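Under our numbering, the residue at position 142 of the sequence shown is numbered 348, and the numbers go up by one with no gaps.
Fair warning: there could be bad hints in the mix.
Below 30 Å or equal to it, Euclidean Cα-Cα: the simulated DSS-like pairs (lysine-lysine) are [claimed, not checked]: (1) Lys491 <-> Lys249; (2) Lys645 <-> Lys660; (3) Lys629 <-> Lys231; (4) Lys629 <-> Lys582; (5) Lys418 <-> Lys249; (6) Lys612 <-> Lys582; (7) Lys262 <-> Lys650; (8) Lys451 <-> Lys743; (9) Lys683 <-> Lys645; (10) Lys728 <-> Lys743; (11) Lys501 <-> Lys645; (12) Lys653 <-> Lys743; (13) Lys487 <-> Lys565; (14) Lys734 <-> Lys490; (15) Lys734 <-> Lys262; (16) Lys563 <-> Lys416; (17) Lys416 <-> Lys385; (18) Lys680 <-> Lys262; (19) Lys563 <-> Lys487; (20) Lys249 <-> Lys385; (21) Lys563 <-> Lys645; (22) Lys632 <-> Lys491; (23) Lys262 <-> Lys309; (24) Lys759 <-> Lys498; (25) Lys451 <-> Lys231; (26) Lys490 <-> Lys504; (27) Lys629 <-> Lys262; (28) Lys579 <-> Lys374; (29) Lys490 <-> Lys650; (30) Lys418 <-> Lys504; (31) Lys629 <-> Lys579; (32) Lys565 <-> Lys497; (33) Lys734 <-> Lys498; (34) Lys632 <-> Lys759; (35) Lys645 <-> Lys497; (36) Lys416 <-> Lys565; (37) Lys565 <-> Lys680; (38) Lys227 <-> Lys653; (39) Lys385 <-> Lys490; (40) Lys367 <-> Lys309.
None of these hints come from the bench; they were simulated from the model. Please read these numbers as outputs of a predicted model, since none were measured by experiment.
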Amino acid sequence: MQTTFNYDHYYDWLEMSECLKHLLKQYPSLMQLESICVSEEGKDVWAVTLTDSSAKEAAAKPAYYIDGNHHAGEVTGSMAAMYTVDLLCTNYNKDEKITDLLKNYTFYIIPKISPDGSDVYLHSDQRLRSVNRNYPLSELADGLHPGDIDGDGVIRMMRVKTPYGAWKVSEKDSQVMTKRTPFDVQGDFYNIYPEGEIINYDGLHIELAKEKWGLDFNRNYPFGWFSEVRQPGAGKYPLSNPENKAVADFVLAHPNIGFVSTLHTTGGVLVYPPGTYPEAKALKKDMDLFKKVGKMAKQIMGYETVNIFDGFLTDIENYSSGAFDDWCYETQGIPAYTIELWNLFERAGADMSWPRKDKDDDVQEAEYAMVLKWIKENIGESAIKPWTAFDHPQLGPVEIGGFDYKFIHQNPPCDYLLQEVEKTAKFMLANAYALPKLKFESVKTEKICDGIYKLEAVLGNTGYMPTYLTDSAKRQKIDQPVHIALSGCEVIEGEAVLMVNALEGVSGVNTYYGYDGITTQKHAPQLKRFTWIISGKQNDLVTLTATSQKAGKASIQCVL
């Protein structure tokens with residue numbers, strides 16, 4: 207499908223703002239653009255609302271939420287979010303599925319949660335977690351601070367020759383380093399660090415300094431939050447960062463949000479809550495939903511889907527916490543994927559199956575060699591700087607080499623960006639069809655006597671998900687009933703406004719493969735019939751309106 211803009215490079219905040227404003231001008235009936243927060247550097251954090259408002263207002267439709275750049279350097283996510291905005295706008299009334307999506311659903315998209323941090327990442331040699339604000343220290347700490355010291359614009363690896371070194375040159379590839387064994391007592395040995403300079407070097411010890419910009423926006427949400435002592439980057443208190451508070455407020459202000467995809471790098475995997483306890487202790491029906499939708503992600507993106515706690519975390523004792531996906535699911539009942547885009551090692555042919563397993567040193571060495579080979583063959587030999595002698599101002603003779611971590615490992619090279627954002631958008635748009643959606647299947651009247659009628663209507667949920675979304679929402683008692691209201695008549699028997707607790711989705715239909723064939727078994731109802739006795743005049747127009755917080759609004763009319 208066509209897009210208005212090209213996706214062959216990474217957009218900074220200014221370029222993305224210009225693109226969004228251009229689309230707003232071109233598609234005013236589809237798109238709304240608002241600033242939910244202004245950063246410390248005066249940059250708007252843009253939120254996009256996309257839907258065909260002529261069909262129905264945005265708040266009256268089930269909604270899908272997308273964001274990017276919780277982490278400053280994970281700019282692929284920002285580009286995938288921007289691409290999705292572009293794709294939806296540009297192909298409306300050109301592509302049948304896109305048109306149908308915008309008529310029936312709403313998309314809320316925040317492409318750059320951290321515009322300040324993202325711009326630093328894109329316009330300097332620096333890598334940073336979320337934003338360029340000093341935290342937790344107000345001044346630079348002692349130790350090695352990564353930086354481009356040889357002037358080529360990239361922070362690479364720096365190796366320092368020392369008899370105390372833990373690394374040696376691989377016998378198979380001189381560009382690859384391999385770990386020293388107990389039997390390696392002669393030869394050249396090295397320690398390896400990021401390229402950079404050392405504050406208060408004592409002449410002996412080289413240790414990485416504590417990050418000067420240590421805030422982590424994805425550790426600042428009010429579920430499972432811990433302070434800095436337990437969770438680095440957490441912030442002073444939950445939602446202490448204006449950007450985080452703006453995102454949380456946006457979600458709360460749009461209760462029709464029924465699914466979340468928060469876009470990150472890297473890993474080539476979709477991860478789902480819970481992230482603070484094992485899946486075995488979680489609600490089975492919700493876990494089944496994540497897995498079933500995840501199968502679709504595998505077909506479209508080629509990426510596996512795993513539980514955060516069981517399959518993604520490297521430390522289940524001091525697990526990462528305060529994440530956006532956990533907050534959405536555990537406090538709002540909204541299912542959420544964190545989608546980790548791009549995987550360099552997988553592209554190179556390494557075994558990147560999930561959940562991760564510890565690998566022997568020789569396997570890691572071989573996989574790193576595979577990565578270098580892939581880079582040479584697909585980007586070019588010039589993308590890898592050979593180990594090059596450099597006179598370090600503090601360490602003396604060192605060697606600097608390697609590839610650009612930022613735009614080869616953490617994010618795809620520009621030539622591979624389009625295919626990454628294309629498949630991401632394709633999955634998210636397909637995922638939106640899983641949202642619950644109300645529909646009146648029928649309405650009929652039967653005249654009892656002059657001015658008195660029996661009115662009967664059947665309301666259904668045509669979506670894959672139930673109207674309450676998740677069992678997590680039910681457990682928290684935040685699931686909302688479906689309301690059915692009548693207008694244009696007087697109700698004699700029955701309620702003018704009825705409530706039904708829930709309508710099940712296709713995901714809740716019990717099915718079975720058995721010896722006696724394939725069967726659909728007993729399940730909670732997807733359809734319900736409602737009956738009233740009403741009074742009115744012949745040819746009066748009666749309107750029935752069903753409203754659900756998560757499944758949108760449906761209406762139907764009949765003539766008496």
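Given the hinted pair Lys418 and Lys249, is their Cα-Cα distance within 30 Å? Satisfied, since the Cα-Cα distance of roughly 22 Å is no more than 30 Å.
Item checked: Distance restraint between Lys487 and Lys565, which requires alpha-carbon spacing of 30 Å or less -> OK: Lys487 and Lys565 at ~28 Å, within 30 Å.
Quiz item: Taking 30 Å as the top limit, are the C-alpha atoms of Lys734 and Lys498 close enough?
Solution: 26 Å, holds
Take the C-alpha atoms of Lys563 and Lys645, compute the straight-line distance between them, and say whether it is at most 30 Å. Violated, at roughly 47 Å.
_Given hint Lys262 paired with Lys629 - CA-CA distance at most 30 Å_ = 28 Å, holds
Is Lys262 within 30 Å of Lys309, Cα to Cα?
7 Å, holds
Margin query: Against the 30 Å threshold, does the CA-CA distance of Lys645 and Lys497 hold or violate the hint?
Written below: The hint holds at about 26 Å.
**OP:** Assess, step by step, whether the Cα of Lys579 is no farther than 30 Å from the Cα of Lys374, and give holds or violated.
**Re:** Since the Cα atoms of Lys579 and Lys374 sit roughly 20 Å apart, the hinted pair holds (cutoff 30 Å).
Hinted pair Lys645 and Lys660, Cα distance within 30 Å: 21 Å, holds
Problem set entry | Agreement of Lys629 and Lys231 with the hint, judged by alpha carbon distance not exceeding 30 Å | 27 Å, holds
Review point. Within 30 Å, alpha carbon to alpha carbon, are Lys683 and Lys645?
Key: Holds, because 25 Å separates the two Cα atoms, which is no more than 30 Å.
| Taken at face value, is the distance from the CA of Lys680 to the CA of Lys565 at most 30 Å? | Roughly 41 Å between the alpha carbons, so the hint for Lys565 and Lys680 is violated.
Against the hints set out earlier in the document, violations occur for numbers 1, 8, 10, 20, 21, 29, 30, 37, 38, 39, 40.
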